[in-house]
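For the protein sequence lines, the chains are L and B, in the order given.
Sequential numbering from 1 applies to the first sequence in my numbering.
Sequential numbering from 411 applies to the second sequence in my numbering.
Rather than coming from a laboratory, the hints here were simulated on the basis of the structure.
Heads up, some of the hints might be wrong.
As the list claims (entries may be wrong) - Within a straight-line C-alpha distance of at most 30 Å, the following computed DSS-like cross-link-like pairs (lysine-lysine) qualify:
1) L:K20 with B:K696
2) L:K18 with B:K662
3) L:K339 with L:K27
4) B:K779 with L:K352
5) L:K20 with B:K637
6) B:K628 with L:K339
Stated by the list, open to error - With beta-carbon atoms standing in for the labels, derived distance ranges:
7) L:D33 with B:R807: 26 to 36 Å
8) B:N601 with L:A277: 51 to 61 Å
9) B:E616 with L:H290: 54 to 64 Å
10) L:K177 with B:E810: 38 to 48 Å
11) B:E687 with L:D367: 28 to 38 Å
12) B:Y633 with L:E403: 20 to 30 Å
13) L:E299 with B:H787: 47 to 57 Å
14) L:D367 with B:I800: 54 to 64 Å
15) L:E299 with B:I800: 20 to 30 Å
16) L:E391 with B:K779: 22 to 32 Å
17) L:D33 with B:K617: 27 to 37 Å
All C-beta atoms in this analysis are idealised placements derived from N, C-alpha and C, irrespective of residue type, glycine included.
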Amino acid sequence: MKKVCLYFQVHQPYRLGKYKVFDIGNKSNYFDDKKNKEVMEKVAKKCYIPTNKLLLSLIKKYKDKFKVSFSVTGVVLEQFEKYAPKVLELFKELAKTGNVEFLSETYYHSLSYLYSKEEFEEQVRMHRKKIKKLFGQKPKIFRNTELIFNNELANYVERMGYKGILAEGADHILDWKSPNYVYKAKTTKKLKLLLKNYKLSDDIAFRFSQRSWKDHPLTVEKFVHWINKSPGEIVNLFMDYETFGEHQWEDTGIFQFLEKFPDELISNGIEFVTPSALLKHESKDEIDMHSFVSWADVERDLSAWLGNKIQVSAAEELYKLEKKIKEINDPALLEDWRKLTTSDHFYYMCTKWFNDGDVHKYFNPYDTPYEAFITFINILNDMVYRIKNKEVETKPIKVPITEFPSKTLK
Amino acid sequence: MRVLMLGWEFPPIYSGGLGTACYGLTKGLSHHNVSVTFVMPTGPANVKGEYVNLLVADKIYKDKRIKIKQIETLLVPYLTSRAYDHEYALSMKKNGVSGILYGRNLFDEVYRYSERVKMIAMLEDFDVVHAHDWMTYQAGIKAKKASGKPLILHIHATEFDRTGGHNLNQYVYDIERMGFHEADRIIAVSNYTKSMVVRHYSVSPEKVTVVHNAVEFKEGPDYKIKKTDKLVLFLGRITLQKGPDYFLEAAKRVLDRDPTIKFMFVGSGDMEPRMIERAAELGISKNVLFAGFLAGDDVNRAYHMADVYVMPSVSEPFGITPLEAMKSGTPVIISRQSGVSEVINHVLKVDFWDTEDIASKILALIHYKVLNNELKHHGLLEVKKFNWDIPAEKCLRVYEEVKR
Chain L
1 MKKVCLYFQV HQPYRLGKYK VFDIGNKSNY FDDKKNKEVM EKVAKKCYIP
51 TNKLLLSLIK KYKDKFKVSF SVTGVVLEQF EKYAPKVLEL FKELAKTGNV
101 EFLSETYYHS LSYLYSKEEF EEQVRMHRKK IKKLFGQKPK IFRNTELIFN
151 NELANYVERM GYKGILAEGA DHILDWKSPN YVYKAKTTKK LKLLLKNYKL
201 SDDIAFRFSQ RSWKDHPLTV EKFVHWINKS PGEIVNLFMD YETFGEHQWE
251 DTGIFQFLEK FPDELISNGI EFVTPSALLK HESKDEIDMH SFVSWADVER
301 DLSAWLGNKI QVSAAEELYK LEKKIKEIND PALLEDWRKL TTSDHFYYMC
351 TKWFNDGDVH KYFNPYDTPY EAFITFINIL NDMVYRIKNK EVETKPIKVP
401 ITEFPSKTLK
Chain B
411 MRVLMLGWEF PPIYSGGLGT ACYGLTKGLS HHNVSVTFVM PTGPANVKGE
461 YVNLLVADKI YKDKRIKIKQ IETLLVPYLT SRAYDHEYAL SMKKNGVSGI
511 LYGRNLFDEV YRYSERVKMI AMLEDFDVVH AHDWMTYQAG IKAKKASGKP
561 LILHIHATEF DRTGGHNLNQ YVYDIERMGF HEADRIIAVS NYTKSMVVRH
611 YSVSPEKVTV VHNAVEFKEG PDYKIKKTDK LVLFLGRITL QKGPDYFLEA
661 AKRVLDRDPT IKFMFVGSGD MEPRMIERAA ELGISKNVLF AGFLAGDDVN
711 RAYHMADVYV MPSVSEPFGI TPLEAMKSGT PVIISRQSGV SEVINHVLKV
761 DFWDTEDIAS KILALIHYKV LNNELKHHGL LEVKKFNWDI PAEKCLRVYE
811 EVKR
């Protein structure tokens with residue numbers, strides 16, 4: 001019996017406000033609360049609330065035959081609590097049905113694995129705690145930020161006690177293999193690898209409303225037929241939750257699609273599963289992945305966040321502050337610092353689109369990626385100032401502008 | 411395709427931004443098999459133009475077909491009429507009563523040029539007339555009437571740009587407006603300029619084609635400039651349009667934060683004395699240098715010396731200087747109120763009035779080395795992609811559409 005695993009990623013960053021050089025030492029509220037609230041309220045209305053409600057009604061209707069899974073970042077959960085408590089309530093209801101599985105990830109949707117294993121583990125722990133508290137679940141499956149994955153990460157995650165991990169079913173991972181089986185990560189003892197079927201996933205996530213696509217409009221019948229035709233045992237459909245109502249607007253018919261999806265699938269004899277149910281499957285083969293792979297862009301690598309020098313520099317400067325910030329025991333400062341680890345801040349500094357003249361294709365709260373960098377570094381500069389001030393405690397020091405790249409703080 | 415092109419300057423005789431653009435465009439057109447006869451108002455006799463058949467209006471047909479005495483002219487393309495009056499008065503003082511040597515005012519000069527062009531248009535063979543900026547528009551209209559050939563007006567700047575929208579010269583505005591309405595097609599150097607023309611001159615948007623300027627990339631010498639101070643550069647006419655006052659206010663804000671940085675004005679203009687005064691008022695004279703007008707290699711040297719180039723223009727139809735700076739590997743900050751900001755990405759953009767933002771970005775470029783290097787590197791790559799063949803091809807398409 002063929003199986004389908006639906007997995008949705010839910011995330012919103014804390015976007016930064018305007019922060020000029022002159023704000024260094026004078027302003028320590030870095031985040032654009034107004035904008036974050038606005039975005040949250042908008043997406044809640046267009047996507048989170050209607051989709052959660054729809055999933056609840058589908059679970060009610062099909063009982064144990066319909067299942068979905070989520071990973072919901074800590075930062076988006078906080079913002080639900082603050083700006084859209086209704087969404088959180090609905091997620092809790094979903095958790096109570098027993099047919100919804102929550103996965104582990106870093107609390108801050110960060111690239112911390114690449115820079116600090118210590119911080120990575122702490123953020124994963126924070127996230128576990130939050131999921132346990134809100135939804136009463138202890139995740140067995142891990143998904144790293146943006147599905148960033150390689151052998152070493154697989155080992156690390158296995159040692160942390162996870163039984164399975166999600167990754168992109170990129171062509172260069174799979175070679176001739178099909179993503180439609182469970183695999184084992186090569187260097188691990190028995191960590192199960194669940195690979196995204198990117199063709200079928202992207203048919204919904206990206207191409208659903210694309211009029212130039214030869215298969216537009218996408219009907220449920222057509223799509224289920226493709227799933228049936230697709231070789232192997234499982235089809236992993238992994239996508240951003242915002243696909244529903246936000247990336248694909250309501251008038252594209254995306255909600256009707258989702259509504260009819262379980263019925264069509266079940267009547268074709270296909271079963272819904274959650275990731276942990278797939279742990280029982282035998283591994284078809286081993287996957288050996290030395291370099292990092294992700295689910296972003298055509299490159300499916302790290303270049304969306306760390307593809308140019310300003311991105312790398314911003315990340316390095318950020319993690320240079322980690323040790324000091326943890327030493328001085330200032331919870332507010334640590335929390336601000338952690339909010340800056342969110343990968344979106346680095347994504348906004350991406351310039352590779354420019355070279356294709358493809359500037360308008362991606363959303364960016366900044367005018368230019370350079371603006372994103374300046375804002376970020378100005379804020380780091382303020383953090384350096386806060387750290388130094390904390391160290392001398394009694395008399396505040398004169399506001400400096402620290403040169404970047406900097407030497408590690410003494 | 412044969413084009414009668416009307417302009418004010420052409421290298422090597424005089425080369426401001428307009429001349430450079432005309433040169434690049436005619437070179438690009440020559441690659442598309444377009445033959446151009448370029449007419450300019452004045453210059454030495456027997457001058458040869460590269461890529462074009464260059465005619466100097468006041469040197470040909472003299473005394474034969476045009477009954478205007480050959481005169482020396484004060485005309486340069488960027489003069490506002492007020493500035494011309496000023497130059498005129500100066501020359502009167504210098505030459506005493508021999509002031510009759512010069513045209514009484516700018517508009518006589520424009521008229522004189524148009525009469526000569528009318529004669530040329532009757533004698534030359536061409537398919538279209540292509541005229542650059544307001545001083546040639548009358549000439550363009552006359553050439554159109556004399557030959558029956560279509561007229562294309564190319565806007566590099568309008569009276570609104572030159573004056574910032576205050577105290578427009580009504581006469582210039584009228585010439586521009588008449589030109590736009592007589593023209594068969596209009597070419598604007600940016601969407602910014604197109605919207606300006608549509609808004610202020612009630613021209614139908616369908617009549618206006620946008621053709622962005624380009625820049626020629628030549629591998630320059632390595633100037634090997636040794637310097638200790640960080641330098642922020644302003645390069646252009648020191649006039650209201652270019653926003654020198656905003657540059658200075660930003661300098662003050664920067665210096666409050668980092669008093670080691672130097673600022674340099676390269677160029678001259680009617681606001682220069684005021685700027686010198688203002689720097690003193692702000693107490694930053696020590697850090698603000700006035701280099702005066704520079705040309706040729708000295709300009710390149712200035713770009714190379716600078717750590718940051720700022721173009722804070724109040725209204726800039728295109729703005730070629732940021733591209734020149736990028737060619738020299740100097741990161742740039744440009745006003746959003748410019749045409750060039752539509753076509754470049756690897757720069758920092760500001761609103762000209764937001765001097766705090768300008769200052770903040772100057773400080774970032776000086777202090778964040780990675781940012782400076784990244785902009786330098788990518789700016790150079792980006793500017794290398796510019797090429798006059800592209801705008802030339804767009805002009806050719808316009809010619810073909812209007813050709814009768």
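Inset, instruction - Against the earlier hints, flag every one the structure doesn't satisfy and list their numbers going up. - result: Result: hints 6, 7, 10, 13, 14 and 17 break, sorted rising.
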